[in-house]
Amino acid sequence: MKEEWRYIESNANTAAKNMAIDRAILVENSKGNSPVTLRFYEWAPPAISIGYFQGLLEEIDIDMCKKYGVEYVRRITGGGAVFHENELTYSIVIPESHKDISKNIMESYGKICGALIKGLRYIGINSEYKPINDIVVGNKKISGNAQTRKHSTVLQHGTILIDVDVDKMFSVLKVPNEKIKDKLISNTKERVSSIRKILGKYISFNDLCSPLKKGFEEEFDIKLIKGELTSREKNLADRFEKECFANKLWNHKR
Amino acid sequence: MNYKSIYKIPNGKLLKINLNLNDTNEKIDDIKITGDFFAYPEESIELIENKLKNCRIEKNLLMEKIIQTIKKNNIEFIGLDAEGLVDGIMMCLK
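Keeping their order, the protein sequence lines are chains A and B. All residue numbers for the first sequence refer to the working numbering, where the first residue is 418 and numbers rise by one. All residue numbers for the second sequence refer to the working numbering, where the first residue is 420 and numbers rise by one.
One chain only, chain A, in its complex shape (with noise of 0.2 Å):
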């Protein structure tokens, strides 16, 4: 019999509701009251995440957000600055002490983005997995992957790139050109790629989900069963969304 995880496919939320659920099920899962999780979603608006250690005014050109109705939120992740618009964001939530979660992380970095890679490949896509936590195609980013660690519970969230309008990403991000230094291309906008640039089509958020959740399964030799948030969940986001998430103190506090 296989273990069974939890998959939860969420409408499209506000920044700070989504980044509100993440923790609520990081909390809750570490708790020993909610299971393995595995929850796909979307952004609405459209909005920027900031890693936890990033400076919000650094990386973030607010004027332009205003102007784009683009929101923005630090997550409780480390990383860089992430623009989710067209795409698909996924996190997975799990106990630090399952068997296929290492104790070395850079490893399960690789062991995560191994199920994203493995369900690019149901629809024509073969990438690989690039440390530290990119996922790529040819040398072209089509995923950002970030990962925390509390409570003795891994929370691994990130995104794929369906669609990607690269100048309004580079007018609300601010990249510097140190980023690409090491990298052999002049351009930080050449080194983002979709899958509607690599296949040369459009595929839906819903039309991603089920080859995703496929080589989830095959990756972990796990079925995930469709589920909705608990009560104390939604709560705990409801709480974690006004206290954190939607506040100035923290968005702002780098």
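One or more hints might be untrue.
[Claimed, not checked] Heads up, simulated EDC-like pairs for lysine to aspartate or glutamate below, C-alpha to C-alpha not over 16 Å straight-line:
| hint | chain 1 | residue 1 | chain 2 | residue 2 |
| --- | --- | --- | --- | --- |
| 1 | A | K535 | A | E636 |
| 2 | A | K567 | B | E461 |
| 3 | B | K490 | B | E477 |
| 4 | A | K567 | B | E462 |
| 5 | A | K567 | B | E495 |
| 6 | A | K520 | B | E495 |
| 7 | A | K670 | B | E461 |
Read the hints as simulated data drawn from the structure, not as lab findings.
With the hints as your guide, set chain B onto chain A.
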């Protein structure tokens, strides 16, 4: 005076340092370490920032304080290391 640096850690992430330096005694009044690296536990960076306050800006001294803090708190970095941190800080003065 205020100094800034942006430093791409070799094989790592992008480190940004924002430094307030007392120019008479060359001690750090305030330092903000930001970037797209990973650090565990999450308070690691604040611990290091606090430890570096009032430290004279001198390579070996900075390295010693940072390594001490890493050891004491079991800090784990990904995309960042003590040497990179020191290089990023020293780069502010260039």
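Hint-by-hint comparison with the structure:
no.: 1; hint: K535(A) x E636(A); result: holds (7 Å)
no.: 2; hint: K567(A) x E461(B); result: holds (9 Å)
no.: 3; hint: K490(B) x E477(B); result: violated (20 Å)
no.: 4; hint: K567(A) x E462(B); result: holds (12 Å)
no.: 5; hint: K567(A) x E495(B); result: holds (13 Å)
no.: 6; hint: K520(A) x E495(B); result: holds (12 Å)
no.: 7; hint: K670(A) x E461(B); result: holds (13 Å)
Consistency note: the structure conflicts with earlier hint 3 alone.
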